[in-house]
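A.B. asks: Please construct the entire structure, taking both the sequences and the accompanying hints into account.
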Amino acid sequence: MGTKTDVWQGTLALMILKTLEMMGSQHGYGIARRIEQTSDNLLKLNYGTLYPALLKLEQEGAISSEWGISENNRKAKFYKLTRAGKRHLARGAQDWDTTKAILARFLSPAGEA
Amino acid sequence: MRQLRAAWVRLLGFFGLGATCTEFDAELASHLKLHIDENIRRGMNPTQARREATLSLGGVGKTRQAYRERSGIPVVENLLQDIRYAWRQLSKSPGFTFVAVITLAIGIGVNSALFSIVNAVLIHPLPYPEPDRLVAVHASKPNFEEGSISYPNFRDWQRENHTLAALAVARSTSFTMSGMGDTERVRGNYMSSDYFPILGVRPIAGRLFAPGEDEIGRASVVLVSAGFAQRKFGAAAESISKNITLDGRTFTIVGVLPANFNLSLRSFRTTDVYLPIGQWQTEGLTLRGAGLGIHGIARLKPGLTLQQARADMSEVSRNLAAAYPNEDRGLVANLVPLRREMVGDIQPFLLILLAAVGFVLLIACVNVANLLLARSKARAHELGVRYALGASRGRIISQLLTESTMLAVAGGGLGLLIALWGTSAALKLAPTSLPRAGEVHLSPAVLIFTATISVGTGILFGLLPALRIAGYRLQDALREGGRGVSGARSRMQNWLVIFEMASALVLLVGAGLMIRSLFALSQVDPGFRAHKILSFSMAAPYSPKNSTPAAARAYVEQVDRTIARAPGVQAVSISWDAFPMGDDDEELFWLPSEPKPANSNDMHWAVRYRVEPEFLKVMGIPLKRGRFLTDADRDPSPHVAVVDEMLARKYFGTNDPVGQQLFLNGENGDNEKVTIVGEVRHVMQWGVAEDSSNELQAQIYLPLAQLTDGQWVSADGLRPDIAVRADDSHQAAAIFPDIQAAMREMDRTAVVYGAETMDEAIAKSLATRRFLMILLSIFAALALLLACVGVYGVLSHLVGQRTQEIAIRMALGADRGSVLGWVMEHALRLSLIGAAAGLACALLLTRVVAHASIFYGVRFYDPWTLVTVMVLLMVVVALATYIPAKRATRVDPMQTLRTG
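In the order they appear, the protein sequences are chains B and F. Quick note: to get the numbering used here, add 41 to the position in the first sequence (first position is 1). Going by the numbering used here, 253 is the number at position 263 of the second sequence; the sequence numbering is gapless.
Keep in mind that the hints were calculated from the coordinates and are not lab data. All figures in this text were calculated on a predicted structure; none of them were measured in a lab. Any given hint might turn out to be false.
What the hints assert, rightly or not - Here are the simulated DSS-like pairs of lysine-lysine, each with C-alpha atoms no more than 27 Å apart in a straight line:
1. F/Lys291 x F/Lys131
2. F/Lys586 x B/Lys116
3. F/Lys222 x F/Lys232
4. F/Lys586 x F/Lys535
5. B/Lys59 x B/Lys116
6. F/Lys640 x F/Lys131
7. F/Lys23 x B/Lys85
8. B/Lys121 x B/Lys59
9. F/Lys222 x B/Lys121
10. F/Lys23 x B/Lys59
C.D. replies: And the structure:
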């Protein structure tokens, strides 16, 4: 694997959901590109790992999919957020914020020691 | 909720519903196209664009695998896939599969067979409700830890204890049944009312004995077995209220016991008729000091421990001893868990056998593991390919485990057939003392056991090679054609061979020691010439022919003459009390130099043989001093006795016992002074193996003709045992029909029955050991065979693998002999290491076993046995290695080196 940061599963799901919230309906390739761009290419995403994650989210009912035509006339499967997905995202984002805040307190050099 | 939904969708996916793989392929294709489009837009040429897009998608195979695992239930799907694949793999190499399955079938088969015996005998010996509350009850006396309980003591124990829900006694016996066709002997028990309720046994017709119905002087009622009712009356219900005549008395059938009732204890056995103990018309029944062979069982009150019950019963015994010091001093109720009473003797034997078959299974596993390792050369390449194509390490291990488990399950199936056959074969050899042998069958528990050990062994022998193979750098395996793996693999194989040798040696040592024990036992001199001796019992119902002492004496003399005249009979003697390897009976006595002991428990004990002058000739017992009993030793001449060397040594030291006198306590305390007229050789009363461990060794012979008048007449009629010696031209077993015919002619109402040759009696006393020896020998032979197959396999593989090396050696001048030596040396070195390890294990184990006194006349480190089995192992290993070694010498160096 590359020297870039790998994405792990739980985080990837959150990224997908956020991307779909921002972009509305999008196909797998588009989601992957968008995640890379958003991370300023710091994240190395093996595109193959995206699809099991998409499938999992769809099985859980957080996203739904349908076949459509891309901007440059290619047939592609488009994913979009469901209402459950929106709730899932809100909760996930909140959890993440909490985790971040806790970790920040541990790691900040100016701790209240 | 989300997980639930996901699980449902996955379940649909598993059955091929919902999104399919073709759809996913389309999605991936579209992904690639989109990526390529963009790359071209950025200015790559089409080839470059496609290559970059494919690379960043990662392995398509792996992605598809991950997607598939996510979309269905991967565990089950993988398993099915693995099973299909394993089936193809195994059917591709039928030779390997055949050997592996047979090996496992042997290992699993012997285990299942033995488990089915152990399950019935050791795990479920008591098919009664709440078996843990059941105890056997004996009266512990100075000479007998598990002595018999007298009837008065039984009644007092029953009344005064506070810890037993119920206490009951029984005494097995037999009766002469008349009035229904030919006069015949039926086996029966006297018992108290609570006996069957304690066991939870219910009648299939009628009722059991009512409380109090077992007391002396109550109505003559009888319970019969289902088989008896069927035979005599056609059906259980038909027999109720019918009368049968036993020993000339009429009994009314009140109940029928279920056909599946089966119990065998010291004083109780499953029989055709059961009588209330109060119906036993023997004088001894009302005597507190009598030893009539009555033993008890009891059920503890709920929630009480055995310790509490023992303490309570000891208290009861102490009170009785204080009240009746003459009879009960030193006498304590002895409570033993019923389970131990039934299986205590056989338990160590079965556990040893279980350990032995465990070893056989281990060796079988090791063999198959070895075969799998040997196959791993070819497999390493194949697995490398699978790995490269995207299979994870875990998937490869589970694939290998599936294969080994399939082998084990096939072996288990075949093993079950072996078990089915093996169990019935083993039971034919089993000693009659094996409790519940009739209940041994392939029960669900046995099937579960077999299934468990099959899967367990599959994982056990599969895991090692699987982890080994998967542990290699599989990519390297692909590159090097598996060559990098071989060093580690043969080291592992060497260890496995060593392990096999060690296990086989342990079993060989066990079997060897057992064979030596049995040989030692067969060489033991029992003190008499057993061959040609036949013993049997006679029963003549109470009648005018034996209702007075004089009539009974005359009758017995007539019996003597009749039997002596029967063809093939060389000598005959009636044996009234004890008989070697058979019944026992004791005489209490004291020496004239001692004051008369205040009570019987302070007197000396001796086994009492009440016989006729011919007894010495019948048994072939050597006379050591003085004379044996003669026809002149009859009233009114002075009473005499003959003693054995043990009694002489114990009580007279080096002095000549002849001429010394003894005071006998007599049956009812009617003291009698006897003069010793001779000394004979000690005979083994208690069985060949057990005699020396029994405390009671002294023996005394008293003339039947000097039996007191009171002992001649009994309401039971006359029931002596008779011993005869067959002459040179007849076998002991063959003369019985003529004796029967002669007796029938003499008295139609009398029966002779229960004939047994002394050879049979001795064989019976060795039956358990013989059983153990035969099975251990079979298991050891199996272990040896399997271990040899293992060595053979490993060496064949070694030779195949080192053909190049052998060729080089030969090219450099090694002759065929030295190549042969090199291969054989390798095998023998492994075997020696294994044998040494096995020897250490065996010494450790046999030392433990020695405490269970299973071996006889042989030390656990018996050098003779150890050397023999070592040599045997080496010879067999040498034979097994000779074929592969010989093949090594046929290597053609030029050919091999050119093509290699």
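A.B. asks: Now, for every hint given, state plainly whether the structure supports it.
C.D. replies: Hints, one by one, checked against the model:
no.: 1; hint: F/Lys291 x F/Lys131; in the structure: holds, 26 Å
no.: 2; hint: F/Lys586 x B/Lys116; in the structure: violated, 119 Å
no.: 3; hint: F/Lys222 x F/Lys232; in the structure: holds, 10 Å
no.: 4; hint: F/Lys586 x F/Lys535; in the structure: violated, 39 Å
no.: 5; hint: B/Lys59 x B/Lys116; in the structure: holds, 24 Å
no.: 6; hint: F/Lys640 x F/Lys131; in the structure: holds, 21 Å
no.: 7; hint: F/Lys23 x B/Lys85; in the structure: holds, 20 Å
no.: 8; hint: B/Lys121 x B/Lys59; in the structure: holds, 11 Å
no.: 9; hint: F/Lys222 x B/Lys121; in the structure: violated, 88 Å
no.: 10; hint: F/Lys23 x B/Lys59; in the structure: holds, 25 Å
Against the hints set out earlier in the document, violations occur for numbers 2, 4, 9.
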